[in-house]
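Chains A and B are the protein sequences, given in the same order. Here the numbering used here is used: position 71 in the first sequence is 71, and no number is missing along the way. Here the numbering used here is used: position 96 in the second sequence is 96, and no number is missing along the way.
Derived from the structure by calculation, the hints contain no laboratory data. Predicted model only: the values in this text are computed from it and were never measured. Each hint should be verified, as a subset may be incorrect.
Keeping only pairs whose Cα atoms sit at most 27 Å apart, straight-line, the calculated DSS-like set for lysine-lysine is [stated by the list, open to error]:
no., chain 1, residue 1, chain 2, residue 2
1, B, K368, A, K2
2, B, K370, B, K358
3, A, K195, A, K90
4, B, K643, B, K626
5, A, K159, B, K626
6, B, K447, B, K39
7, B, K626, A, K90
8, B, K447, B, K573
9, B, K626, B, K368
10, B, K450, B, K370
11, A, K2, B, K573
12, B, K573, B, K626
13, B, K370, B, K554
14, B, K563, B, K626
15, B, K39, B, K88
16, A, K2, A, K159
17, A, K2, B, K210
18, B, K447, A, K2
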Amino acid sequence: MKINHSLPLEYGTHQNQINILGFWIFLGAEIMLFATLFAGYFTLVNRTGNGPTGTEIFDITPVLLETMILLTSSFTIGLGIHAMRLGSQKAMQVFFAITLLLGLGFLSLEVYEFIHYVHIGAGLQTSAFTAALLNTLGTHGAHVTFGVFWGLFIIFQLKTRGLTPETANKSFIFSLYWHFLDVVWIFIFSFIYLKGMI
Amino acid sequence: MDIFERFAVPHPSPAIYVSMVAIGLTVIAIIAGLTYFKKWGYLWREWLSTVDHKRIGIMYLISALLMLFRGGADAIMMRAQLAIPENKMLDAQHYNEIFTTHGTVMIIFMAMPFIMAFMNYIVPLQIGARDVAFPRLNALSFWLFFMGAMLLNISFVIGGSPDAGWTSYFPLANNEFSESVGTNYYMFALQISGMGTLMTGINMITTILKMRAPGMTLMKMPMFTWSSLVANIIIVFAFPVLTVALIMGTMDRLFATNFFTSTNGGMDMLWANFFWVWGHPEVYILVLPAFGIYSEIISTFSGRNLYGYKSMVGSMVIISLLSFLVWTHHFFTMGQGALTNSIFSITTMAIAVPTGVKIFNWLFTLWKGKIIITTPMLYSLLFIPIFTIGGVTGVMLGMSAADYQYHNTMFLVAHFHMVIIPGVVFAMLAGFHYYWPKMFGFILNEKIGKWTAWIISMSTLLAFMPMFFSGLDGQARRMYTYSESTGYGIWNMLSFIGAIGLAIGFILIVYNVYYSTRYASRDISSDPWDARSLEWATPSPVPEYNFAIVPNVKSVDVLWEAKYNNHILFPGKYENIHMPNNSGIPFILGCIFFAWGFSFVFGMWIPAISTTIGIFVCMGHRSLEKDHGHYISVKEIEETETKLRGA
Chain A
1 MKINHSLPLE
11 YGTHQNQINI
21 LGFWIFLGAE
31 IMLFATLFAG
41 YFTLVNRTGN
51 GPTGTEIFDI
61 TPVLLETMIL
71 LTSSFTIGLG
81 IHAMRLGSQK
91 AMQVFFAITL
101 LLGLGFLSLE
111 VYEFIHYVHI
121 GAGLQTSAFT
131 AALLNTLGTH
141 GAHVTFGVFW
151 GLFIIFQLKT
161 RGLTPETANK
171 SFIFSLYWHF
181 LDVVWIFIFS
191 FIYLKGMI
Chain B
1 MDIFERFAVP
11 HPSPAIYVSM
21 VAIGLTVIAI
31 IAGLTYFKKW
41 GYLWREWLST
51 VDHKRIGIMY
61 LISALLMLFR
71 GGADAIMMRA
81 QLAIPENKML
91 DAQHYNEIFT
101 THGTVMIIFM
111 AMPFIMAFMN
121 YIVPLQIGAR
131 DVAFPRLNAL
141 SFWLFFMGAM
151 LLNISFVIGG
161 SPDAGWTSYF
171 PLANNEFSES
181 VGTNYYMFAL
191 QISGMGTLMT
201 GINMITTILK
211 MRAPGMTLMK
221 MPMFTWSSLV
231 ANIIIVFAFP
241 VLTVALIMGT
251 MDRLFATNFF
261 TSTNGGMDML
271 WANFFWVWGH
281 PEVYILVLPA
291 FGIYSEIIST
301 FSGRNLYGYK
311 SMVGSMVIIS
321 LLSFLVWTHH
331 FFTMGQGALT
341 NSIFSITTMA
351 IAVPTGVKIF
361 NWLFTLWKGK
371 IIITTPMLYS
381 LLFIPIFTIG
391 GVTGVMLGMS
401 AADYQYHNTM
411 FLVAHFHMVI
421 IPGVVFAMLA
431 GFHYYWPKMF
441 GFILNEKIGK
451 WTAWIISMST
461 LLAFMPMFFS
471 GLDGQARRMY
481 TYSESTGYGI
491 WNMLSFIGAI
501 GLAIGFILIV
511 YNVYYSTRYA
521 SRDISSDPWD
531 ARSLEWATPS
541 PVPEYNFAIV
551 PNVKSVDVLW
561 EAKYNNHILF
571 PGKYENIHMP
581 NNSGIPFILG
591 CIFFAWGFSF
601 VFGMWIPAIS
611 TTIGIFVCMG
621 HRSLEKDHGH
631 YISVKEIEET
641 ETKLRGA
């Protein structure tokens with residue numbers, strides 16, 4: 001395998017460059033996926049049937065906590081990639097682990113939030129609005145859950161195989177994914193929660 | 001006994017029982033045959049676990065042809081049912097199931113794999129690459145498509161066919177009006193194969209952008225590669241919309257949510273919008289690569305470079321943008337108001353402009369060309385007038401005010417068949433004859449081929465022209481019968497005769513393959529058509545590594561330059577070639593996805609959960625796997641090249 005040392009490790013081989021471009025295109029598809037979910041949500045947001053409206057069920061406290069936790073995790077994974085560029089594998093693993101812990105924190109709050117919604121009578125089957133809400137949030141949450149497992153595999157490989165062009169490439173792609181989830185969450189926070197609370 | 005009731009077909013008929021027996025016997029015959037000839041190992045090593053883009057292309061081709069006959073059988077049944085007034089051959093329920101399956105199979109499981117076959121086989125060769133960007137993912141794409149197709153195809157013998165139309169409009173497709181599991185099959189078959197298609201889209205874009213031979217700038221790519229690039233970009237933007245729509249539809253059916261219901265705030269029109277935001281671009285996903293194939297063929301057999309290369313590229317880009325702005329023309333009459341209709345009417349008709357540019361470019365390529373009429377060329381020439389009839393009637397339908405007259409009549413059915421059959425099917429058949437020598441090393445019989453082309457094109461006219469008239473006369477589509485006093489009988493009888501003609505044409509294609517396999521000369525060069533682009537620069541059949549030396553490109557028609565203008569195509573000498581290893585995981589993952597879809601269709605939650613876990617186990621395995629491929633040594637390359645080039 002030819003490694004080009006003038007480039008960062010994660011771009012060092014031709015296959016690595018291909019992988020990263022491929023993943024960016026995949027993120028393009030993910031943008032369409034979430035855009036469609038948002039389009040569906042905005043169409044159905046006022047169609048509450050016999051169920052509650054957003055103003056009635058949204059609670060700022062857990063949402064604000066979730067937002068802060070997820071934003072921080074995006075920051076820590078950025079630090080992880082910075083550590084990777086500096087060649088510090090130890091620091092990188094630590095930052096990745098912190099990121100995943102924050103991801104878990106986010107998920108537990110979201111699970112609590114979902115249980116709360118169902119408890120107050122805003123379940124999946126209540127109305128078109130609640131279905132669209134839980135579907136949109138749930139798709140994002142499923143992505144985070146998947147990300148947590150993915151990240152575990154990455155840390156495991158970093159530990160056993162060290163920092164190679166291959167593991168660097170995988171870590172970098174994983175960080176793109178994690179940042180993307182954060183960007184989606186910013187849209188969810190602004191256009192579902194904040195707008196819904198007005 | 002419960003289990004039998006669950007899997008039983010809700011509306012059985014003798015035809016379905018016969019099919020069950022036939023399927024059972026075929027499966028037994030295949031298993032017995034493979035065991036008797038000891039071909040299991042060969043099948044596994046060479047095909048099921050392959051990651052070679054050429055083999056995957058051939059598997060797509062075979063699947064597409066099988067599905068062509070499956071969808072064709074449905075078509076014949078429909079035309080036979082309607083051939084005479086008040087026919088009692090099929091009842092309404094069966095007719096519903098048949099037109100639903102016909103539409104779904106022909107678009108998703110025939111036309112899509114047909115273009116995927118050519119994209120997979122040709123694009124890497126045209127750009128001088130050794131493989132696609134992600135060979136393993138490519139194999140997975142194929143198996144997901146294939147398992148999705150199988151899932152839809154077993155629906156008519158296990159549990160019941162979908163019967164809500166290929167558009168599966170809600171609330172018709174909801175549990176209340178579609179009680180059988182048929183629509184669940186539809187949802188999961190499309191979901192699984194759609195994931196495969198999305199992966200192909202990502203794979204192909206990356207391949208085309210990153211793996212072109214030195215010197216091949218974007219504006220020096222052959223037209224088929226350009227059309228594939230544009231089509232795959234449309235795939236990446238359109239298919240996620242379908243994914244979401246199918247998830248919502250599935251949840252409505254399985255978990256009683258209210259996305260598309262008429263109560264509790266649900267909105268059935270949301271489905272129509274989502275479906276066509278995907279469905280309309282889908283038309284261009286199919287037709288643009290088809291146009292690409294026509295461009296290759298017309299330029300080759302006119303002995304000229306393609307006229308207006310830049311305007312061809314430009315028109316495709318414009319078509320791809322417009323394709324996302326016209327979806328509402330599929331439901332002008334569903335009450336969205338005059339302003340919306342006007343906007344979508346204008347964008348719809350605007351598509352005729354870039355399409356017209358392409359038609360004129362082909363005509364100008366033919367003009368002053370040294371035209372050689374071969375079978376592929378014949379299809380391409382017959383395509384132009386027939387497609388134009390379809391296109392002009394499309395503009396008629398695109399006028400929203402006039403559409404109130406034609407919508408939901410046979411006029412519409414005639415229009416889209418007159419577009420899709422010459423636009424896509426003819427192109428695929430043309431490509432089939434054109435690329436056959438590259439794929440298999442011999443030319444299909446030209447005499448049978450030309451007869452077939454004439455039979456198919458004339459039968460297309462005979463089958464669909466009458467529908468324009470009966471449609472304008474008011475014959476509604478999707479009606480399983482009509483009374484004699486309507487006077488539709490004669491038109492439908494003509495259509496039926498046309499349909500028989502089409503069936504004969506397709507059977508002749510199979511006969512041609514059989515005949516040519518037995519009798520055609522194997523002594524053809526790598527470039528039997530005197531073609532112009534890179535795929536003809538490598539020996540036929542193509543060696544595993546495609547090109548022994550990476551070609552050096554300096555113009556669009558690089559092979560032509562090499563043949564007639566002393567351009568040195570393969571500079572340098574042999575080096576070790578890196579190739580990916582075969583893997584059985586994509587096939588296994590495909591099988592798990594099949595079981596996953598089947599479990600969800602019947603709401604069997606324990607298998608559903610265990611297959612979901614199985615999917616993630618496969619992904620985890622892939623993440624941890626160390627697979628760096630293998631090298632082909634210079635000695636092996638020399639041996640292969642000597643053998644193939646016979647020098």
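- Message: Checking each numbered hint in turn, tell me which of them this model violates, lowest number first.
- Response: Checked against the structure, the hints that fail are numbers 1, 3, 4, 6, 8, 9, 12, 14, 15 and 18, while the rest are satisfied.
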